[in-house]
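Protein chains: 4
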Amino acid sequence: MINAFDSFIQKLKPQLISWRRELHQQPELGFLEYQTTYKIGKELEKLGFSIHIGKDAVKSKSRYGVPPKHELQRAETQALDNGVPQEWMDLMKGGHTGLAATWDTKKEGPHLAFRFDIDALPILEASDSDHQPYADKFSSKLEGLMHACGHDGHASIGLGLAHLTAHFKEQLSGKFTFLFQPAEEGGRGAKAMTDLGWLEDVDQFYSGHIGINSLPVGTIAAVTKGFLASSKLNVTFSGQSSHAGMKPEDGRNALLAAATTATQLHAIPRHSEGVSRVNVGKLVAGAGRNIIADSGYLEIETRGESKPINSFMQQEAKRIIQSSASMYDVSVDIEFVGETETITCDDSLIPMIQEHCQHSSWINHIHPVANVSGSEDASFMMNAVQAHGGQATYMLFGTHLPSNHHSPAFDFDEEVLPVALAAYAHVLRGGNTQ
Amino acid sequence: MINAFDSFIQKLKPQLISWRRELHQQPELGFLEYQTTYKIGKELEKLGFSIHIGKDAVKSKSRYGVPPKHELQRAETQALDNGVPQEWMDLMKGGHTGLAATWDTKKEGPHLAFRFDIDALPILEASDSDHQPYADKFSSKLEGLMHACGHDGHASIGLGLAHLTAHFKEQLSGKFTFLFQPAEEGGRGAKAMTDLGWLEDVDQFYSGHIGINSLPVGTIAAVTKGFLASSKLNVTFSGQSSHAGMKPEDGRNALLAAATTATQLHAIPRHSEGVSRVNVGKLVAGAGRNIIADSGYLEIETRGESKPINSFMQQEAKRIIQSSASMYDVSVDIEFVGETETITCDDSLIPMIQEHCQHSSWINHIHPVANVSGSEDASFMMNAVQAHGGQATYMLFGTHLPSNHHSPAFDFDEEVLPVALAAYAHVLRGGNTQ
Amino acid sequence: MINAFDSFIQKLKPQLISWRRELHQQPELGFLEYQTTYKIGKELEKLGFSIHIGKDAVKSKSRYGVPPKHELQRAETQALDNGVPQEWMDLMKGGHTGLAATWDTKKEGPHLAFRFDIDALPILEASDSDHQPYADKFSSKLEGLMHACGHDGHASIGLGLAHLTAHFKEQLSGKFTFLFQPAEEGGRGAKAMTDLGWLEDVDQFYSGHIGINSLPVGTIAAVTKGFLASSKLNVTFSGQSSHAGMKPEDGRNALLAAATTATQLHAIPRHSEGVSRVNVGKLVAGAGRNIIADSGYLEIETRGESKPINSFMQQEAKRIIQSSASMYDVSVDIEFVGETETITCDDSLIPMIQEHCQHSSWINHIHPVANVSGSEDASFMMNAVQAHGGQATYMLFGTHLPSNHHSPAFDFDEEVLPVALAAYAHVLRGGNTQ
Amino acid sequence: MINAFDSFIQKLKPQLISWRRELHQQPELGFLEYQTTYKIGKELEKLGFSIHIGKDAVKSKSRYGVPPKHELQRAETQALDNGVPQEWMDLMKGGHTGLAATWDTKKEGPHLAFRFDIDALPILEASDSDHQPYADKFSSKLEGLMHACGHDGHASIGLGLAHLTAHFKEQLSGKFTFLFQPAEEGGRGAKAMTDLGWLEDVDQFYSGHIGINSLPVGTIAAVTKGFLASSKLNVTFSGQSSHAGMKPEDGRNALLAAATTATQLHAIPRHSEGVSRVNVGKLVAGAGRNIIADSGYLEIETRGESKPINSFMQQEAKRIIQSSASMYDVSVDIEFVGETETITCDDSLIPMIQEHCQHSSWINHIHPVANVSGSEDASFMMNAVQAHGGQATYMLFGTHLPSNHHSPAFDFDEEVLPVALAAYAHVLRGGNTQ
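Protein chains in written order, with the numbering used here: chain A, 1 to 434; chain B, 1 to 434; chain C, 1 to 434; chain D, 1 to 434.
Possibly wrong hints are sitting among the right ones.
Using 25 Å as the maximum straight-line C-alpha spacing, the simulated SDA-like pairs for lysine to any residue come out as follows [said to hold, decoys possible]:
# : chain 1 : residue 1 : chain 2 : residue 2
1 : D       : Lys247    : C       : Pro368
2 : C       : Lys247    : B       : Met246
3 : B       : Lys137    : B       : His400
4 : C       : Lys141    : D       : Leu72
5 : B       : Lys247    : A       : Gln315
6 : B       : Lys247    : A       : Asp130
7 : B       : Lys247    : A       : Asp128
8 : D       : Lys42     : D       : Lys93
9 : C       : Lys247    : D       : Leu145
To be clear, the hints were calculated from the coordinates, so they are not data collected in a lab. These figures come from a predicted structure and were not determined experimentally.
Bound conformation, chain A alone (with noise of 0.2 Å):
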């Protein structure tokens, strides 16, 4: 079995790297990922797996930072033109996106649930020769949105994992549930397929990232330690615009309300207790070179290493931003997009993980534990797996990374998507297998 298993993951690779490609060529932002989703979905439909879309997939309400109307509408528009049927966009439209998928073999066995995330982030994709993407042809089509944080190969990885369930279908037992969120980036996607209940019964749950600088192509960590809790705001000024030249002193400047916003938050102190972080990511503010601005719109994220540190870090910034809004005399709106909450793997799945994977022709080395220091809304899928006594993991498969996650020249060594794709596919193994 273990052999039969490598095999097809071999006989997968360049299938694997061709889904990795098309899927880095369409990036799609967090509940805009219609095309993407259908993609997913025509293909696992294919191989017979029960698929749920739409308010069938993601608790509408529970949804964070669903964008503006139009930006939807817009995204609904191309993902017609672009040959998304008009039923699935029914049920999709208005920020739906994602795909549940469940196959139950209908012998006894666990529930495993496995979380593979499919948006992309607003950055212009680099475009020089030493980038990969670039220098290969297979670059973003689509100005200023990326795949730059590998959710393509995620996304690949987890078409790869149902073809296999499909594939080795008569060997396994038990039941499996594929999630694949939308709006990971912003923690934004989770909660909203978790609230449905996609995870109540499942007794092991597992989802990773891709891309660890310290650790080589072939390597793989059980579990991974260090993510942060984060809160997500969106804040907007409101101002009084005046003539800048005639009538300076009956502006009220939601422009310098923002900037101040934006400096001053970031000099939130250093909390002794652990990590913490702010950024300002996005800052837009004002109308016109001489019209005193009248309105500023910042987007925030802090995060702490523990609840009380982002708490501290979030009721910090709150107060930074009021004070801000009072300094300028405007008003402003602080509005909660999105969170993630701290992550405990569960170490008992370590030695499981060692078992099962450490025999495969695709893994080298196996750590216990990888250190990270990012944000992950898997979180609240994990804490609910673990809250009705299951077991939940978020792994590591190391590869070489040119660049930051989250920058212009971020792409990752196609090679470990074999290796990840292994390391899923051989707890599935492990677990599910009579």
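Model the placement of chains B, C and D on the given structure of chain A, informed by the hints.
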């Protein structure tokens, strides 16, 4: 003749209001006034004027701050959709809007030039019942664009003056040039008309503005003092993006450079020798919440009561911009996109205007001088006229304003339209009838 | 009489220069002018004036910004050490400096008041050979204190006018009040003399300043326009100290609140209706490098061309100060420590000054009006005189200045001393000789 | 022997408390500890130690941040007034405080060094009844100075250890060096003792700190992890003063450069590879309210969990400081005034400390390791010992703290004094008795 002119204006008044309201509904930003230019041109052509558009109206290279290609193309597509003929678009495309119209009586007499500005602003119009355009249903049809500086009125007055010229052509002598100027906001269009030579042999130049609150309708000012020299700068910071949670120290934060610039610019010392101004009217930075921003863009304006004061402001601004870049280790590009000069109206025109206008039934009172503190690129035209010995003035036409220039609830009393037309008409009559 | 006055001034000139140089070497800050007051008082007593010092000269409670106890005591000890008698110190102690001197001719005639300010500034005097006081060895003997605003000259002129009054007493009529005012810098002393009633029955009030660059020596201005209303605020932030390495998050940072206030205050919008100013002249915060600072102190001044503009500045400043406190979660105390009002000189004095002064050999030219943009607490005295129907002016006495007022290399041409004395002398003569 | 040591400590306990309270009342800042040094020296001399003071204790040029001359002189005068003999002052004057004392048993055995820091902080001590030093009337007698880091306790423990050494001299072998180090705050004094060679042939080095909240009295930690590398910078901006009302544009504002530096420094990105810190603990700028400030002074500290992280912080700080200078067109001087290194305690000492101390009746529990995040210049001494193959540790002695280190209400439970003494005593006994 005085009575004949005044009566003609009385009959034209409903048309003036109608033109104004049509233009108010279809605001176009600077160098995108394709539809406005066509509307004016068609009207003047019918009246028998010689029409000059495209590169015959504006010197292409002398335009400041031409919008980016995609904005030009969007506006061009809309203009074609809304009925502007292809042959007009062929001449105007690429932002060559605006129009020069000439009328030669072939009789001896001075050459008079009149200038009317036609562009709108990126402001979201007020939508409450106190705002007359909203109450009377002639608000801007284009969300986020608005005639918030009265140029809809100016263009309408220009059309009225053209009709009057055509109507009384037999009684008139000398030559007339009508300049319907694009892109006054930001001081971007006047130099382009000036550099093409339209002012070269002009004997008297008249322009003006409706809407100084301290003067009631019926009151005008013959000359204006206090216009500020100004400079317009676009600033682009380029840094390095990075994952804000995992590698904050690898980012070089262009958003913070832009925010710091904004707050610091507003702290340039006040100048003891006269009025100074600085404004950051627009700030756009960053792409996503959890990415260290690698881009930051600012639209800035400095002003000064004299050229040295504006130079001081501009020089301080440059040092602050460069220091902000160095503070965040990002690179910066400073682009010079517009300017206005100071204005010295010819006081010798005061008695002439008083003499020609004082018996008009439309005009109750003529102030010799009014004081303002805006900026005007008519300054380029006026300085060109004065450079070869001509006379130039910038008049003001009183009307109550419910809200400041460049604010969402800006409006004016439409009764000022015939008054302003009367002022232009009688100086035209006084100077060029036999 | 004109010649007699002019000749007397000629003979007094070396003495004027000598007084000025002595005073220049012994600068004293506001409400600490114990030695200066004694020096002047002794001189006037000898001449036969009635002398009023201590609480007979200034209303104790109307003084703004009296220095803290330890500074008062240090200055009092020094004054005693340097020979000021105990009985003078008993009257003056606690910051009751300054002196009012009266002379009653017992003959009918108007009551004239003259005001001379006597305090110095906390500036380290320049020590290079271009600086005349340094080259000629009469620099300040007190490191960090300096007569950098010419009050050494003003006091010297006042002494000269007193000598002249005594010398020509037989020819004079009416009454004279000489006010040697403490603490003009910061607008702290004039109100205290005014509130004691010294201006109550004054018919004409004269004060003035030496040193406006645009006027050469020999030229004076009869009235001055442009003095700004001003407010002086001391601000104290109180936070919470903490170990900056071990518990940064427990600190509440008063240093950053003070720093933020400083940069933000300078960004208050320029006012379109006239000149405005704001300055943070002093900032002291924190105790040690590795302690989060729990204290921050600022000395602030706002100014405005009119009372409403200064009120606007003051109101904006207060909101910014309070918002900065809230931004860093620290408390704040705002203390009001001084003010000046705007000044409207009586234009009716212009022809009178012209008439009385034009034949003096010391005065070459009399400008009716000069423009400045400082602040003056003589405003309190002038407004008090005008309130009961008297006339008041503030004159300017031209002299080249090698460096700005309030700068380390400030100095003036001593030739201005007899000219300014002549101006005062001839208005005194013109108004009050029989 | 264990019992004999413990009993001796029991008898010494009232004396320990008494020394601590005397020192608490007479706090002295770094390099000004003339009286403290003399008090300790006199005591050790009596006991028979060889005493080394002045330039025999510290290498003059290796001292960081020696106070300015006038502060040295004031402290020297006070020391003489308070009874420090002239011959001691002759050796110590100019900031050569601190003391090295040696004891040679002339019997074979290892060379042990103990280090106690003796300086205080510029903090105004709390004066409420909750604060034990205030309630029990042994508060600092010097307003604004305070032992707020427990060095009064450290010095007292050192005196106790010296008494114990003398008392048990017959039973001891090997050599002992006692370093009473000046100027630990700011990382300024340790390098000066180290560079004189005191650690050159030391086999074991012990230092430590009282007061980690998480450990109760009676609990100690054998080694400490987490001390941060740090750099101390003094920054002086020099601009141009000008009259803030009359010529604001002529000033170059050093106060705003300093304020901008402060807020911007606190916004240096958090480093993903470990703990980082930055603090501006002191800011003094400007001279008077209505003068544009020509001077600005800052005391800054950066820290990092590793040398590269601290280097990152220091490099960012320098660029920000220089950019702030350029932003306000002022010059800047950056002076390097102190540093600490990271510390790696020898884990091999853990079992030894456990063995020697576990049977003491004073010590209830010995943690192998404790974590902190301060900085310590004992790092220089430890690194010097380790460089030639010796062993070094930094211990912690638990006690409840009512308030953080470096805060006005800092205090500790005096029961920790005999515990800490016991810890030192038993490692001394364990290592060097025969």
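Legend entry - 25 Å limit on alpha-carbon distance, applied to hinted pair Lys247/C and Met246/B: Distance of about 23 Å is within 25 Å: holds.
Legend entry - Holds or violated: Lys247/B to Asp130/A, with C-alpha atoms at most 25 Å apart: holds (22 Å)
Inset, instruction - Take the C-alpha atoms of Lys247/B and Asp128/A, compute the straight-line distance between them, and say whether it is at most 25 Å. - result: Judged against 25 Å, a Cα distance of about 23 Å means the pair holds.
Legend entry - Holds or violated: Lys247/B to Gln315/A, with C-alpha atoms at most 25 Å apart: holds (23 Å)
Legend entry - Pair hint Lys42/D and Lys93/D, alpha-carbon separation not exceeding 25 Å: holds (17 Å)
Inset, instruction - Verify the proposed pairing of Lys247/C with Leu145/D, using a straight-line Cα cut of 25 Å. - result: Roughly 21 Å between the alpha carbons, so the hint for Lys247/C and Leu145/D holds.
Inset, instruction - Sort out whether Leu72/D lies within 25 Å of Lys141/C, counting only the CA atoms. - result: holds (23 Å)
Inset, instruction - Quickly compare the C-alpha distance for Lys137/B and His400/B to 25 Å and report which way the hint goes. - result: holds (20 Å)
Legend entry - Pairwise hint evaluation, Pro368/C against Lys247/D, where the allowed Cα distance is 25 Å at most: holds (23 Å)
Consistency with the previously given hints is maintained throughout, with no hint failing.
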